Amino acid sequence: VCFILGGLDCSISFVSHVLGKVCVHGRQREILGVLVPHLTDLTKSDCIWQRICWRLVECVPDRWMEAVVLGFVQGASGADVLSRLLGNLVVKNKKAQFVVTQKMLLLQYGHTTAVLQNLLGYLSLDSLRRSLLLRVLQELLETWSSSSAVKHSPVEQQLYISKAILICLSHLKETEIESCRQELLTSMMEGVKCHLDSSLPQLRRLGMVVAESISLKINTEGPVLKFEYEEDDETRELKSLLVRTPPFCVPSLPDKREKAHAALPLVPESNEKSHTAAPVMPDEELDAELDSDDDLTPYDMSEDKELKIKAPVYIRDCIEVLTGSRSEDVDKWEATVKALESLVRKNPAATREVEYVELAKILLHLEEKTCIEGFMELRQRAQVAVLSTDPIPVAKYLTSQFYSLNYSLRQRMDILDVLVLAAQELSCPKFHGKTKHSGAQKPCVQLLPGSDSSKDWRRIVDERIKSKTRRFDMGRSHVELVSRPNEFNSVAGHFFFPLIQHFDRPLTTFDLLGEDHLVLGRLVHTLAILMYLAVNTVAVTAMGKALLEFVWALRFHTDSYVRQGLLSCISSLLLSVPTERILADMAEELLETQSWLGDVMEKDPDGDCRRLALQNLLLMENLKKKLEAVP
Amino acid sequence: MALPPPDPQFVLRGTSAAVHTLHFSCGGPEPDIPLLFSGSENGFIHVWNLKTHRVDTALDGHGRKSVYCVETMGAKDRLLSQGRDQRICLWDLAEGRMSLTDSVFTEHVGFCRCSLLKVAQGRWLMAMAAGNLEEVQILELPSKMSVCTLKPEVGAKLGMPMCLKLWQLNCDSQPVLLAGYEDGSVVLWNVSMGKALSQLICHQEPVMSLDFDVEKAKGISGSSEKVLSIWSLNEQQNLQVYKTHELVNAGISDITIRADKKILATAGWDHRIRIFGWKKLKPLAVLDYHTATVHCVSFSDHSNPRERLLAAGSKDQRISVWSIYAET
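Here the protein sequences line up with chains A and B, keeping their order. In terms of the UniProt record's numbering, the first sequence opens at residue 1 and continues consecutively. In terms of the UniProt record's numbering, the second sequence opens at residue 1 and continues consecutively.
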């Protein structure tokens, strides 16, 4: 089959064969790198060259089609270029259709956003291909809203699918959206549910962004879905995909709608007559009138200061204010909440007079009465202060409450946070008041005579720790500069063992192994941190053994957040328990663990889990080497 | 070396409820007893005898609902009071009577004090917040006929009117109303035409109280934030911000300028009364006596300047009476 080219008859099929063979051998980039730009130029205005190009790709044998199509999609510089080069190949050729609509979108996820744009733009540019676009969108949405996909597929793949969905949405016309509105709505509802159930914050955010975008598309009038989440680069990038319009294309409607939504908050509110005029400056120099105010001598106003409500000075008074039901004394209540932490810390010897457990109970149930800034933080710091001042009874109380009925998930997680912060403080007393997410270093260098050597020393130690320590999502713990008895030593067990005891006993409102896997994940991470902080304590070996059993029982959990926690438990264990004790008491279990880690490293779908498993294996190697080094 | 602020000259106790409003009536000639009227949260209006410092009469006309405005109409025999029972009551107190002569049912459920202006002998205009959320109604007293209703434009979200002041430049000119609203703006209304002449956004928070000096065409407003705003009215009847003054503690309940236009007093949520010079808003004194927020301040209308007093009513149920800057 041939056609006229400048008077010459020629057959393209040979060229197609060559192209196909080269591509399938992996040389796509080289050959297409040369071919595609040429073809792009040639086909820009010349119809004949377009048809030649189409013929070229159509004649590629099926077994090499995939490689060629992939190469073209990746190499084309824009959707319109791709359209010119491939024509309606996807409609005519089954293999090409499979590659474009199924393989590249659902089975692979390594392509860049630009490639996705090209691909989906290409599908949208021709009416014959648009039906494919709709089908693609449906399948993408099915995957997006399937709960098993959300739970088990890697985060990168989910990000890829979300991007594809957003780009599809940006290409759809009004009429098309109308026709599939119902399906969009159903998928959105299901998908949002699965995504919000996930323990990984990134997945939750992905779900929220995509759901918002779908809602925006299907609800052109009336309220749209709006979630609250922190914007970051990823979400901004995703949102920008929704707005982009392909060049030369009619559907600039979605774009306009975006702009209309953005313009609403800018409607000016002010009345024509109103004006916040700039103040007319009182021109004092030109005021020729005698200032008769001069005869009025002011009185002494030095006492006029900001009004401060005094907080109670004794802890017992604080307890009274916090439990009192008098609603008028809200000022006093506020002042008490703000002052509580410092009061507790100032009087550590008050254990005789005040029942700290009572105070802990009050704080655990304390609800925000008025709108104070930073209420959660104030409450948490007070709780940490209480716990560190009288650790054993309060820890007993808190750990028992963790497993009691009728607490909300948030309260249980708060208990875990408080335990961790207090443990940190006790094991490293310089840690006062450091919150969970602070990244700043606490300055305690001033204890050493301020010479440069102290800074170097610190840097060397930090680097050594960095190489051996993994970063948790809390601030860095640093080495003590001045030696002090480790206060965590006597209480580590009281923090740790009650938490690990009842995890497999479900209550009516709280089932760690069932629905509440978010709390399970937090519990596991907490145990990892407690283990890490228990280094050099007497109980560390017993803790290590218990932890190892715990990890072993849960090692196949489906939630990736939990698995990450389990792996960090192993890390803390390896770092904290002295090597001799590991070998003496836990050698066999560790060998089993090693094979499990190897499995995780190779097969776990979650990237973080694989990384952690690798780290653990390296730590184990280090241990072995250390042992061999000892004669 | 500045003197410490003076103590109150005397303190009136006995209202057994927070004091929300005060009004002096001391202008009468010698045999007349100087009186102070106070309205409290328990619905009583107390008439204090300033010679004996005791309550002469207690009027109960608002069904035990808080009284938040008292004014005399002309002489001390005619009293007007406004309460949270949504009524404005007119009293006849001549010759020891305590009779309620008339009442006006406003539908207002807020705290906006009404404002009175004498336009002719025996005829008064009263501005009050009406039942409809943003409106101000002007009534003529004693006939209780409605003169006009001042409605803001649709969409101008002013909120409730918070404080009102009716005034006229002189007896022949048109009455004008200054109203402070919930959104922090002050609006100047022309009463006869019923339309707004100028609007100025003075505060970010609701305007709690305002007062206006007719001669200097300058006014001052206070809000729940830390700023006092002084604004002026130019020839084109436009409001402009003149100056602002930042306070130490936020929250002003009441502002009043003394009749001689030399000083003004503010009642603060921080339990303090502040005195400023009116010309340049120079802080003059901080009177710290009360132990709870001060709700109202009022200057007396003594004809003898040396006897002038300042009274302040507070949530702590006391009325403090001060003699300050009386010599000038």
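No lab work stands behind these hints: they were computed from the structure. As the structure is a prediction and not an experimental result, all values here were calculated from the model. Among the hints, erroneous ones may be present.
[To be verified] Output of the computed footprint for chain A on chain B, the stretches with three or more beta carbons under 8 Å from beta carbons of chain A:
(1) 2 to 8
(2) 175 to 185
(3) 266 to 273
Using N, Cα and C, we set each Cβ at its ideal position, and we do this for glycine too.
Going through the hints against the structure:
{"no.": "1", "hint": "2 to 8", "verdict": "holds (count 5)"}
{"no.": "2", "hint": "175 to 185", "verdict": "violated (count 1)"}
{"no.": "3", "hint": "266 to 273", "verdict": "holds (count 3)"}
The structure does not agree with numbered hint 2 stated previously, though it agrees with all others.
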